[in-house]
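Residue numbers for the sequence shown follow the numbering used here, beginning at 1 and rising by one.
No lab work stands behind these hints, which were simulated from the structure alone.
Simulated crosslink set (EDC-like; lysine to aspartate or glutamate; CA at most 16 angstroms straight-line):
| hint | residue 1 | residue 2 |
| --- | --- | --- |
| 1 | K3 | E50 |
| 2 | K47 | E16 |
| 3 | K24 | E50 |
| 4 | K24 | D52 |
| 5 | K20 | E56 |
| 6 | K47 | E14 |
| 7 | K24 | E56 |
| 8 | K39 | D64 |
| 9 | K3 | E22 |
| 10 | K3 | E56 |
| 11 | K24 | E14 |
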Amino acid sequence: MNKYYNLLGLHTNEVENFFKKENKNYTITTIKGYKDEEKLIVPRVIKISELDNSVEIIQTYFADSLK
1 MNKYYNLLGL HTNEVENFFK KENKNYTITT IKGYKDEEKL IVPRVIKISE LDNSVEIIQT
61 YFADSLK
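Take these sequences, add in the hints, and give me the full structure.
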């Protein structure tokens, strides 16, 4: 987990690109709330877990602070 610590909080696309470059298999799981869904539009990684021969990326959506 510590080797992926710097990827936490990044946009999911950036983390996907990292694992594609590393040729590492990954899955993405989304945690989604039901409150203010229209404001929560930015997917960010909140947890990365190493499995047998792949990585599980857990993401959730955040509000865009510029809007």
